[in-house]
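Using the sequences and the hints given, assemble the complete structure.
As given, the protein sequences belong to chains W and L, one line each in that order. Reminder that position 21 of the first sequence reads as 30 in our numbering, one-by-one numbering, no gaps. Reminder that position 89 of the second sequence reads as 414 in our numbering, one-by-one numbering, no gaps.
These are calculated hints, taken from the structure and not from any lab test. Treat the hints loosely; a few may be bogus.
Stated by the list, open to error - The list that follows gives simulated cross-link-like pairs (lysine to any residue, SDA-like), each with its CA atoms no further than 25 Å apart:
1. L/Lys422 - L/Gln327
2. L/Lys326 - W/Pro64
3. L/Lys422 - W/Asn61
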Amino acid sequence: GAGVSQSPSNKVTEKGKDVELRCDPISGHTALYWYRQSLGQGLEFLIYFQGNSAPDKSGLPSDRFSAERTGGSVSTLTIQRTQQEDSAVYLCASSLEGLGAGYNEQFFGPGTRLTVL
Amino acid sequence: KQEVTQIPAALSVPEGENLVLNCSFTDSAIYNLQWFRQDPGKGLTSLLLIQSSQREQTSGRLNASLDKSSGRSTLYIAASQPGDSATYLCAVNGGFKTIFGAGTRLFVKA
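In structure tokens:
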């Protein structure tokens with residue numbers, strides 16, 4: 010595809026359930042990023058993948074959050090035992106090169122709006 | 326710890342006016358800085374990326390500057406149009422993280 014795609018676009022779940030969010034980066038992009046944007050808040054950096062590895066996971070809000078990337082392409086962000094405060098828009102981005110490179114323009118997907126009831 | 330601040334938080338201008346949005350950051354050890362726009366309920370659109378070795382970048386009516394030593398970047402919008410109304414975000418790229426400012430909400434009146 011031409012851009013970063015995310016699925017689902019909307020997800021409503023009940024408190025305590027697990028959810029999986031998916032991101033398909035632009036083909037050939039080596040780096041992939043996850044962010045969270047809560048209502049009225051700025052973008053919060055969650056995690057960054059260079060290839061299949063994440064050099065820094067300290068941005069994940071709690072141990073209920075995990076992310077993986079396989080084959081250097083698709084990534085999934087999993088939230089276990091969801092809480093109401095997890096409600097937010099989860100955004101994914103990809104770039105041709107990773108952080109640490111001078112030119113690593115990030116391109117964003119449309120996001121997944123997660124609502125935890 | 327990198328902190329990114331954007332001023333003003335909101336701005337309303339008449340159509341045709343030139344304007345400047347400001348972004349400041351606390352840690353000058355950055356690789357690059359990127360400006361985005363976000364329309365309500367939408368994702369982010371990349372506007373300009375400035376590498377740490379560059380002083381400015383231009384695209385159409387947009388010009389972004391970077392002064393790494395003072396921890397500042399500006400986004401200049403010339404001859405503003407109602408279609409420029411959006412939230413403008415700056416993002417600073419360090420080694421393993423990208424830190425965003427809270428944004429400037431711009432409204433251009435016709």
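Here is how each hint holds up against the structure:
no., hint, result
1, L/Lys422 - L/Gln327, "holds (9 Å)"
2, L/Lys326 - W/Pro64, "holds (17 Å)"
3, L/Lys422 - W/Asn61, "holds (16 Å)"
Consistency note: the structure conflicts with none of the earlier hints.
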